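Residue numbers (my numbering), protein chains in the order written: chain A, 1 to 586; chain B, 1 to 586.
Treat the hints as calculated values from the structure; they're not laboratory data. Among the hints, a few may not be true.
Same chains, same names: a pair is fine if it fits in one copy or spans any two.
To be verified - Simulated crosslink set (BS3-like; lysine-lysine; CA at most 25 angstroms straight-line): (1) K133 to K27; (2) K498 to K440; (3) K103 to K508; (4) K209 to K144; (5) K156 to K144; (6) K133 to K156; (7) K156 to K134; (8) K103 to K452; (9) K275 to K380; (10) K452 to K498; (11) K209 to K99; (12) K209 to K133; (13) K275 to K459; (14) K209 to K134; (15) K27 to K84; (16) K266 to K419; (17) K209 to K27; (18) K103 to K209; (19) K349 to K380.
Since the model is a prediction, treat every value here as computed from it, not as a measurement.
2 protein chains.
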Amino acid sequence: MYRTHTCWELTATQAWTQVTLCGWVNKVRNLWWMTFIDLRDRYGITQITHDPAKSTIELPDVKSEYVVQIVWEVIARPDNMINKDMATGAIEINATEVKVLTKAKLLPFPIVDEPNTSEENRFKYRYLDLRRKKVLDNVLFRSKMLTFTRNWFSDKWFVDVQTPIFTVSSPEWARDYLVPSRINPGQFYALPQAPQQYKQLLMVGGIDKYFQIAPCFRDEDPRADRHSCEFYQIDCEMSFVGQEDVYAVVEWYLNQLIPTLSPHKKITVAFKRLKHREAVDQYGSDKPDLRFGMQLVDMTQDFVDSSFSVFKDTVATGWAIKAMKFENKLLSRKEADELTEQVKKNKAKWLAYICFDPEWLKGSIVKFLSPEEVQIIKAKTGAQDGDTILFVADTYDVVTTSLGRLRTYIRDKYLTIDKDDLAFCRIEDFPLFEMDDTGKLDFCHNPFSIVKWGWEALKNPNKLEIYSEQYDLSCNGYEILSGSIRNHDPELLMEAFKMVGRGEDEIKQKFGAMYEAFQFGPPPHGWFAIGFDRLLMILKDEENIREIYAFPKSGRAQDVMMGAPSYVDQEQLDDLHISLHLPKEK
Amino acid sequence: MYRTHTCWELTATQAWTQVTLCGWVNKVRNLWWMTFIDLRDRYGITQITHDPAKSTIELPDVKSEYVVQIVWEVIARPDNMINKDMATGAIEINATEVKVLTKAKLLPFPIVDEPNTSEENRFKYRYLDLRRKKVLDNVLFRSKMLTFTRNWFSDKWFVDVQTPIFTVSSPEWARDYLVPSRINPGQFYALPQAPQQYKQLLMVGGIDKYFQIAPCFRDEDPRADRHSCEFYQIDCEMSFVGQEDVYAVVEWYLNQLIPTLSPHKKITVAFKRLKHREAVDQYGSDKPDLRFGMQLVDMTQDFVDSSFSVFKDTVATGWAIKAMKFENKLLSRKEADELTEQVKKNKAKWLAYICFDPEWLKGSIVKFLSPEEVQIIKAKTGAQDGDTILFVADTYDVVTTSLGRLRTYIRDKYLTIDKDDLAFCRIEDFPLFEMDDTGKLDFCHNPFSIVKWGWEALKNPNKLEIYSEQYDLSCNGYEILSGSIRNHDPELLMEAFKMVGRGEDEIKQKFGAMYEAFQFGPPPHGWFAIGFDRLLMILKDEENIREIYAFPKSGRAQDVMMGAPSYVDQEQLDDLHISLHLPKEK
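Only chain A is shown next, with the shape it has when bound in the complex (with noise of 0.2 angstroms):
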C-alpha cells in the first residue's frame, strides 16, 4: 500500500505517528520563506508546508497535478492554532519524505470549479473533468442513490433479477439497437427498450416482487432530459396488487430517499393526485410543475356571445379559449411580442393578453371586450392590479400545449423558484385508446395496461372514454415514473386489440411468450419505472442529463473521449454476416 491515510481522515488522533499520503497536487504556493502544496485526493485536501529551516529534506520539483507520495510525521497543533475552517485544520505536518510518482503535462483545462472550456472538451477529457469537485461528486452521489435504492428495495423483500440484455426486436414501441448474431446468420438480438416482458414473466413465475435497475436502450434522438444510447430506470414489478399499492411503495421510497441524500430538498407538493385530463386542462401538461400557480383557465363558455368577433368565432367552431394568469407583471410590447413567438411555436396563431394596469388597461384585445366582459375575466382568473392575463384560442390542443409550455417559459424567464422545493403530481386515468388524424383508433400508451372498470368499460360506446390503470408521476415539470396495472386476462386483452384492428395472430407472433404465460395461471400484476438518472439529476440540480453520467455520450451519440461509435474491420462484418449500406452523398 502507498498509503496509511487518505486527504481528509488525519485529526489530532494521529499525532506524533508516522502516516503516508498519496494524491494529486492542487496546488503549490511558493513563498520566499517556504512552500505549501494542497494535496487532494478524492476525499479531501490536506495542506503540507515544507520549511526548509525545520526540515530535513529538499523538496523536488512539483507541479500541478502532478502524483506524490509524501511521509510525514503528524504534530498537533496548540489549541490557538487550531484551523476550524479545514477538516484537518488540528494538525500540521513535518514532511520527512516527497516523492513525485508520476508528473502530469499541462492539463487542457484546469482543475477549478468552472474551467473556461467547452462540453466537448470537457467530455474528450472527461478523466481529467473527474477531478472536479461537482463532477466528482455527482459520480460519489449516484453511486449512493444505487447503494440506497437497492437497499431500499432488498429490504422490502423485492428480488433482484438480471433481465437478458440480449433479447428479442419489438418494434412496436421506439426504436430497437440491434446486435446482429455470428451464430445464427440472418438474425439479431435488440437490446432491451426495458425488460417489460421478462418482469411479467417473472410475476407468471411466482417471483411476486421484483426489482431491478436496469439498463434499457432506445435509439432516440438525444435531447438534454434523455441521454443517448443507455440509460438506467429503478424497475419494479408486483404481484397481488392494486393501484394504491403500487403507489404505497413508490411514496414510501421516495419520502426516504430524500431526506437521507439529498436533506436540503423540501417536498412543498407531496403526491398531489390529477386525472390525465384535469392535468392538460389546468397545466397544459401531463407533467406539470406544481412549484407554482398559473392554472389554465377555461373561458370558452364566456365567449359565447362575445363582441369579440375572433373570440366569438373560435367557440362556434367548437374550439377553445383559455386564459393564464401572469401575476405580478405587466407586460411591455416587446415581451407581449416574444411570448407570442412562444405559442407560435406551438402551433398557436396568436396570443392575445390584458394587463391590469392600475391607471388603465392595456394589451392587444382590450378594445374588443365589453366592460362586462372584462369583469368576467377579472373574476375568473382573480386578476389584481398589475397583472396581466394571457389567452389563446385555439383547438382544444393547440390551446393546452401552446399554455402549457408558456408557462414554462415564463418560469424559466421570469420566476423565482427555490430549485429545493419539490412538487410530485400524480397523473391517472390515462385514456385507452386515441384516434390518429385518419380517425384509426389506437392503443394511446402501453397496450398491456388493464381496462379501468374491465369488460363494462370496453362497451363504452365513446372510445375515447375508455381509460386505463395507468399511471405517471411527475417531479418540477420532469416525468419521473411511469406504471400500470397489467392485464392478465388474455380474453380481455385480445378484446381491446381486437378494437383497435389487431387479431389474436398479431399478438401471438409478437408477444408469444407472454400471450401464452398467461394461459398458465397469471396473477394480478402491476408495475411502475421510475427514470433513475432523471431523478439524479432533479437532485442534483442538473439541467442537463449528461452531466450525471461518469461517462456520458455527446449530443450525437458519441463517446468523444474514447472515439465511439467508429469504423470496424471488414473482418468483423463478415463475421456478423452484414456488409455496410451506406446513404448515398449528397
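With chain A held as given, fit chain B onto it using these hints.
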C-alpha cells in the same frame, strides 16, 4: 392489496384474526370427508383444509397451478396438535372465502423437483420452470449475493460506477458484439468485453476505489462454464496499491461472503500461492483443483539413461516425462485404454502406466524398466501397493496439458470429493510474453499489466522469463478471478509494445484515450475481476452456468422463450445503414 400475508409467515400470533392469502395451487387432495389444498407462493406453502361439515362456504373447482385467493380465520392449534415440521404448523384455518383469480391449463411439465423434460422445454417455459424450488432458489440466491457484494464493497468506500455499455470496438481480445449506429452511418458501437479502459480512466480521474457488478459481452462460442451474450463480473480497480493489497481485498470479501451466504461450504485450501510455472508443472493447469492430490512428478532426468528406449529418446530430444499417481486403484486393461483415449485427445501419443499390484507389477511399460527404475519411480511418486502410476512422455506442453486434463477426468469419474469443499489457489508470475509457432513474440495476456521488476527486467535476454504482475485465482478447477497491477508508465508501456514489434502509432490509435491520460498524472493502480456467475455456480453446486440465470440463453446462444435472435424488418436495417450478407447455402 389482494393479500394480508404470505404463505410462510402465519403463526399462532395471528390466531383469531382474519387473513387473506394468494398463491398457486400446489396440490389438491380430495378425501371423501374433506379437501386439502397446498397453497404455494415464493415464500412457502400453507395447507388449507376445507371441511364441508364445518364450513359455511362451498369450495370452487380448483386445479393445480390455478391462482387462488383465500380468506380465512386463523385458529391456533392446541399444543399437542402442532406440526413442528411445517413453518406454519402451529395454526389451522377456517376458510371463509375461496376465490379463483386465474385458471391454468395443463402445464407442459409438472412443478416438481425433477420434471422429466428437456432443457430446451424448461427454457421455453422458463416462467413455469421458475416455479420449481431449485430454480427459484438460484434466483433468490443470486439476488442475495448481488446485495451482499455491493454492500460489502460500498462499505469499504468503493464507488459503484456504471461504465458505458455502448463503447468502442477493441478486436485486440475476444470478438466484439457490435451495434450499428443510426445517427453515425457506417459506424458501430461495441459492447464492452470488460470495462477495462473506463476503470483505468476512473483511476486517472481520482476515483481511487471503483467497483461494479458489470455486464460484459464477448461473442464467444457457448460452453458449460461460459454464458452466451452477456455475463457479469465483480469488477474492481484501486489506486495506490500493490499485488498484496489487491489480494487482501479479495480474500477479505470471500472470507465474509462464503460463511454468510453458504455456511455449509468449507474453505479447505485457503488461498495457496503458486507461481504460474509451478501450477503448470505440478498440476498441468493454470487453474488447478486443489481439493485432491495427484500432483505431476517430473521424471525427465530419471530416464536419461533408461533401458527403455522410448523414454530415453524422449529425454534426448529435449522433451519431458511426468508421472501421476492414481491412489488405491489398479487399472484394468479397459480402464487403461479409456484413460489413454483421454490423453490422446490432448495430443499425447500414448499413456504409459505401472500398477503396483501386491502380487506382481503390471502395466504397459513394466517389462521395459529395470528394477532400479521401478524403485526410483516408487520413491519419487510415493507409490504404495494398490496404486497405479501414469506417465506421459512428450513435449513439455503436451505432457502437462494432457496429464492435467486426465487429472480432472479421473476426479470426475473415479474420485469422491465433497462438493462443499472449496480450495482456492492464487496463481502469480504469469509470463509477460509468449512465442507463437513462427517464433514471433506476443503478449501472453493483458498488455497493460506492469512488468515485474520494471525496466531492469525488460533487459533479460530470455524474453520468456520476463514476468508480469498479473494474477489469477482458481477455485475447484475454475478460474474465478483475474487481475493485475497496471503499467501506468507510458514509456515502459511503449517499450513492452515495441518488444512485440508494435509501435507508438498503434498504441495511440487503439488506446488513444488511455495513452493520453497517462500523460496527466496517473496514479499507480491495479485491478481484479471475479466471475460473478461462475462463483455463484460453484456456491450453488451447478455444473452448467445457464442454470444460474433467471432467463438463460441456450447452447446455441438463443433465448428460446422469447425467440431471440430473430429476423428483423428491412426498414430497421435501412435505418441502420446495413444489409444482410449471408453465407451461401451449401
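So, going through the hints one by one against the coordinates:
For the homomeric pair K133 and K27, the shortest alpha-carbon distance inside one copy (15 angstroms) is at most 25 angstroms, but the shortest distance between copies (60 angstroms) is not. Taking identical chains as interchangeable, the C-alpha atoms of K498 and K440 lie at most 25 angstroms apart only when both belong to the same chain, with a minimum of 13 angstroms there against 67 angstroms between chains. For the identical chains of this complex, K103 and K508 are inter-copy neighbours only, at 19 angstroms across copies versus 63 angstroms inside a copy, given an alpha-carbon limit of 25 angstroms. In this assembly of identical chains, the alpha carbons of K209 and K144 lie at most 25 angstroms apart whether taken from the same copy (23 angstroms) or from different copies (14 angstroms).
Taking CA atoms no more than 25 angstroms apart as the test, K156 paired with K144 passes in both settings, with 18 angstroms inside one copy and 13 angstroms between copies. Taking the shortest alpha-carbon separations for K133 and K156, only the inter-copy value of 21 angstroms comes in at or below 25 angstroms, while the best intra-copy value is 34 angstroms. Taking CA atoms no more than 25 angstroms apart as the test, K156 paired with K134 passes between copies only; the shortest distance there is 23 angstroms, against 33 angstroms inside one copy. For the identical chains of this complex, K103 and K452 are inter-copy neighbours only, at 21 angstroms across copies versus 66 angstroms inside a copy, given an alpha-carbon limit of 25 angstroms.
In the homo-oligomer, the alpha carbons of K275 and K380 lie at most 25 angstroms apart inside one protomer (22 angstroms), although the nearest pairing across protomers, at 85 angstroms, exceeds that limit. In this assembly of identical chains, K452 and K498 lie within 25 angstroms of each other by CA distance solely inside one copy; the values are 17 angstroms within and 70 angstroms between copies. With identical chains, the CA atoms of K209 and K99 are at most 25 angstroms apart between copies only, with a shortest distance of 22 angstroms across copies and 54 angstroms within one. With identical chains, the CA atoms of K209 and K133 are at most 25 angstroms apart between copies only, with a shortest distance of 16 angstroms across copies and 38 angstroms within one.
With identical chains, the CA atoms of K275 and K459 are at most 25 angstroms apart within one copy only, with a shortest distance of 21 angstroms there and 76 angstroms across copies. For the identical chains of this complex, K209 and K134 are inter-copy neighbours only, at 18 angstroms across copies versus 36 angstroms inside a copy, given an alpha-carbon limit of 25 angstroms. Taking the shortest alpha-carbon separations for K27 and K84, only the intra-copy value of 21 angstroms comes in at or below 25 angstroms, while the best inter-copy value is 70 angstroms. When the C-alpha separation of K266 and K419 is checked against a cutoff of 25 angstroms, the pair qualifies only within one copy, where the shortest distance is 9 angstroms, while the shortest distance between copies is 55 angstroms.
Only between protomers do K209 and K27 lie at most 25 angstroms apart by alpha-carbon distance; the minimum there is 23 angstroms, versus 51 angstroms within a single protomer. In this homomeric assembly, K103 and K209 come within 25 angstroms of each other (Cα to Cα) only across copies, at 21 angstroms, whereas the closest approach inside a single copy is 52 angstroms. Taking the closest pair of Cα atoms, K349 and K380 come within 25 angstroms of each other only inside a single copy of the chain (24 angstroms); across copies the shortest separation is 99 angstroms, beyond that limit.
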